[in-house]
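Engineer: As a plain string of letters, each chain reads:
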Amino acid sequence: MAFDLDHSLAEQPTDGHRRVGFFTDTSICIGCKACEVACKEWNDVPEDGLDFTGMSYDNTVGLSADTWRHVAFIEQRRPLGHQEPGVGEMDFRWLMASDVCKHCTHAACLDVCPTGSLFRTEYGTVVVQEDVCNGCGYCVPACPFGVIGKRETTGVAAKCTMCYDRLPAGEQPACAKTCPTDSIQFGDLDELRERADRRLAQVREAGMTSARLYGHDPDDGVGGTGAFFLLLDEPEVYGLPPDPVVTTKDLPSMWRHVGVAAVALLAGVAAAAWGRTGSGTTGPRGRIR
Amino acid sequence: MDFAWPLLRQLTGKDRTARGEAAKSAKTAALRARTETADRVVKSVCPYCAVGCGQNVYVRDEKVIQIEGDPDSPISRGRLCPKGAASLQLTTGPGRRHKALYRPPGGADWEEIDLDRAMDMVADRIIATRRETWEWEKDGLRTARTMGIASLGGATLDNEENYLIKKLLTALGVVQIENQARVCHSSSVVGLGSSFGRGGATTFMQDLQHSDCVVIQGSNFAEAHPVGFQWVMEAKARGAVIIHVDPRFTRTSALADVHVPIRPGSDVAFVGGLINYVLDNELYFREYVLNYTNAATILREDYRDTEDLDGVFSGFDPDSREYDTTSWQYVGMEAVAASGRREQHYEERTEQERTGHEPPGRAEMHGSAGAPMDGTPERDETLRHPRCVLQVLRRHFARYTPEMVERTCGVPRHLFEEVCRRLTENSGPDKTAEFVYAVGWTQHSDGSQFIRSACILQLLLGNIGRPGGGIQALRGHASIQGSSDIPTLFNLLPGYLPMPYAHEHEGLRDFLQADAPPKGFWANMPAYMISLLKAWWGDAAQPDNDFRFGWLPRLTGSHSTYDTVLEQLNGVCKGYFLLGENPAVGSANAKMQRLGMAQLDWLVVRDFTLIESATWWKDGPEIETGELRTADIGTEVFFFPAACHTEKCGSFTNTNRWLQWRHQAVEPEGDARSDLWFMYHMGRIIREKLAGSTDPMDEPVLNLTWDYPVSGPTAEPSAEAVLAEINGVDAHGRPLSGYHELKSDGSTRCGCWIYSGVYADGVNQAARRKPHTEQDWIAAEWAWAWPANRRILYNRASARPDGSPWSERKRLVWWDEQAGRWTGHDVPDFEADKSPGYRPPPEARGAEALSGVDPFIMQADGKGWLFAPAGVVDGPLPTHYEPQDSPVPNPFHGHQRNPARKVYEHEHNRYQPSGNEPGSNVYPYVVTTYRLTEHFTAGGMSRFTPYLSELQPEMFCEVSPELAAERGLVHGDWATIVTARNAIEARVMVTDRIPSLHLNGRVLHQIGLPFHFGPNGMATGDAANELASISLDPNSHIQEVKAMAADIRPGRRPRGPALPELVRSYQRRAGVTAGTGTEA
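If you read the sequences in order, they're chains V and B. At position 95 of the first sequence (counting the first as 1) the number is 95 in the UniProt record's numbering, and the numbers step up by one without a gap. At position 495 of the second sequence (counting the first as 1) the number is 495 in the UniProt record's numbering, and the numbers step up by one without a gap.
Check before you lean on any hint, since a few could be wrong.
Only pairs whose alpha carbons sit at most 27 Å apart, straight line, appear in this in silico DSSO-like list of lysine-lysine [what the hints assert, rightly or not]: (1) Lys43(B) - Lys27(B); (2) Lys63(B) - Lys14(B); (3) Lys14(B) - Lys249(V); (4) Lys63(B) - Lys27(B); (5) Lys43(B) - Lys743(B); (6) Lys150(V) - Lys99(B).
Just so you know, the hints here were simulated from the structure itself, not pulled from any lab data.
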């Protein structure tokens, strides 16, 4: 069992809001990168380097503090359903997929954040508060997807907020709004999951048998994600971990072991001190949990 | 306290773990969307491509704080592509300049200059250059013009701005007025206009959703027009087949059902193959073809086909390289030289003079009406007559077999046959297929014929004028359609009225007699022309002075932008305006563009930033190679920062032919001004300086109607007043409701007859914005479409000859017998009360001469033209020719290249040996150039924008693994690409997406080059257009940049003088001489 203190918050957001999310249907992504730009415009995310990578049409490389949506381009000598690729005698397909923070049900970044900068919103999303973050960076290695990063210029952590500031206004996140083909869909997570199931059936029927949903399963290692995907190949192909596990999964048992060790230590100290004068201990500092 | 409060919340509230509400900071809790805090939301339109996506501009404290898609727009439904999404950064970001700059002759750097002073200096230079170069006559014929001044740009500007540019410069006697429409879509105007009667797309993008089969060829739809592509995805979701025919597997192909690789420049052979398949298998839509096209029309006996004459049609003169089109005529009906080629002494003209050659550029007159003709054609309703068009078509395309398609295009037979099957299965009474193309078709030395081929095929399949059918010409600038309609083009006046020629049109009467044919809607041309003259010269234009027709400067040949470059090099053209165009990167043979500018006395650049065309004198490639020295360049350069789309109001005409009004959001900062402001005030200053002049050359400009109201801190002229002038007024000054109200007696004024109605009832119809959720897909109350708000052109053809729909599934417009009117979803593109049973009496004239079954109402015979007896100067039917520079010998006939194409002999514009000519193998690979989603044309609106630059930061070339192996190219390293013009370097991208082609056993490798890059800005690299030659389509004067031949080698290009030496060494190896590749 994962460290599931977030569970109730993620599944039953407060203030009468339902949990919202992204369903990114990569089967209709045209790789235009409007999501990357619209995100940057809305959130004032700085430019992230002007390097030609040679990675197909991907010069953004991956998600980071300065890239909150990232479109991957994958050229493969494999067929895409019944598509006739016409590039000689071989099979070929060009996959494109817009990646984003997963807004996990069990969010390790949030677990490890010592300041309360990362928090679970009333929409069930996970958001960094720049004004609270102290730049410790614990969240960076904690994320099983490598989403979050520390911005060089400000020294604090930054990632997708699912446009937290737009939601109260009834606006969808900038990326979803701009997406020319509706590859990025925003909405009530339960509804999106149902829509995704229907779409998956359609896509498979069209011959794309390797299609699958990624992140929609509440029983996966992160308790399902608030941003999930319809992929046309293995997650690794897109640079996604095949079986992500919340990195704080073992935290409860670690704490139990710490407790046992502490008891043992105390017992030892007590035994050693038996008959001598007593001494005190201190607990861990920080947020009360 | 900051710490205590969350803690308190944690301890007292529900969020005991402090991961939610309790952790929220005061700042977070106070967050509000800035769209919520805006003072106002201003309705606008994206300034990039011609999809015309709606934008909401959010303003707070007189600053634009956010730009997003407008969810109400029926075109875009709130979506924007990366460029549209970056328009906040484009308009408010660090890339823009706000200060006027001046570079004196020989100067090493810019100097800041006061805006008023710069305006004054430019006005002085216009006046001086005009005086110095004024030409009353040429070869004894009145020209009344200056060849000393030229202008380029307009497709990124508003219709109102284009109108003032054309009006002022024409009154100043300038004829060399051009814009991006020349280099992008002029071939569309010829191809579509001559086939159907109007030069615009026959349909609108949203109607793609009703298509059963979408063939995208010559267009990278998903990449170049991403938001428009949503309608292809809609069609696909509804079960349509998506076919992409393209040299490369692109982001469009990735979403298509079928990608067909094709050799660049071989599309006529491919579409010709489809035509042959349709005819050979009797798959054409017989009832449609018989009634709505000229299939039954009988041609003259002396017509000879390319199949008879090894690649030329009858009438070709190898010396002039022009066709006499007499033998292409119908029996019984002849083309009145649309050109107005008639001489002054009407009765004296000979048969040949009457119907002979069309003057340069005149074919584009068909942008709003087909070629004028007189008489009644002979027809054979059985379609069996050996000289009827259908039979001529059969013979012409008989050799376009699947084998020839494979051999010419490199398309495997099974793929070609799949396209044949899918296309024909999805055409007919119950189904429709649509073709979509863009500059992959237009930019060839026979580009107009590429479009003609699709017109023929779609007519045969019965797909024109019907929902889900048609031909969509995807245009690439916000108002490139508008800048053709209100043309900043040398050969046209507003509404596709022809510019007069010196040797033909001395008087208005001759001009109108020549160009106003007795049949069809062009018969009303006198009303259109006289209303235009009245709009320009007001009370000074009177019947007794020919409505000042004589004040129009006269043409003497081609004055296209490429001809202007040569005039600059020859020292004839001395002053140049660049209005939102960057020819140093974006025009073919970029080096010649810069060398031409280096010969100018003065250059005015109006743009957002310091594009390459503004800075070539200090950091251009020729400075580096030593071919130019800054200190030796005498050109004065003025840089005026331009206002952006949120800083001015005006209308763009998108690729749907829809005029969409943008409201002004904020005032421009610093010296930034609209082009409306620039032209209006430049005209004002010039008129003030010339006031009192008695010199006859100044009469046209001094008498120009030029009294637009101004307002605001910058004295911005009223764009709406200009729109009202474009719309036109009656004798009482009341706005006209449409062009049917125009009169030829001088009582009406109208700046552009096809736009008449856009200001009907004094209401700006282009500003209408009824949300798409409140109307059907036609969206008749969103914006305004020309002509007469019709959305699908020729929609009479959506009904049977008897007026009933071809099928329930495809009903659009039909005849309501009881009401005695045409009705339906769209505005009928037909006289509303003309019954299907109407047949014209023999003496009928004008529109009355068209019958109730003639859907192509702008054509003289009312028919769609399978065969073009007039209007296309290089042949009545498309024929496969090789590109100007091609490693492949023409498989069809002895004429390698289009014999009528335009070539320019110049030391910097050398052509290459082709086909089997010796030296051809020095340039063995095929090059094609293209757009990327992330950038915009020559980069002025994307390479200076960080969010776009980071997405595609550097010039690259795409090559196949086979070519990489053959030439030792390494992925990610550098390569140098060489033609007879120049050499460039690019990063190497090895990819399966650019397959090698197999032609008749020969393997041909391709090189793909995006054309956006240049040395300035954030995303940089050599410009692909350095490699291109100036070789033009003879109809449209468009350059061939979609297919060339080149060599590629590993490593970076040489620096300094070694670069031109490399180019020369290739020329020597290939045996290139002045005459190479110039033969007919």
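Engineer: With the threshold set at 27 Å, check whether the alpha-carbon distance from Lys63(B) to Lys27(B) stays at or below it.
Structural biologist: Answer holds: Lys63(B) to Lys27(B) is near 23 Å, not above 27 Å.
Engineer: Quick one, are Lys150(V) and Lys99(B) close enough, alpha carbons at most 27 Å?
Structural biologist: Violated, at roughly 37 Å.
Engineer: Does Lys743(B) sit within 27 Å of Lys43(B), going by the straight-line distance between their CA atoms?
Structural biologist: violated, 36 Å
Engineer: Compare the distance between the alpha carbons of Lys14(B) and Lys249(V) with 27 Å, and conclude whether the hinted pair is satisfied.
Structural biologist: Satisfied, since the Cα-Cα distance of roughly 24 Å is no more than 27 Å.
Engineer: Are Lys63(B) and Lys14(B) close enough, with their CA atoms no more than 27 Å apart?
Structural biologist: violated, 42 Å
Engineer: Quickly compare the C-alpha distance for Lys43(B) and Lys27(B) to 27 Å and report which way the hint goes.
Structural biologist: violated, 31 Å
In summary, the structure is inconsistent with hints 1, 2, 5 and 6 from the numbered list given earlier, while agreeing with the others.
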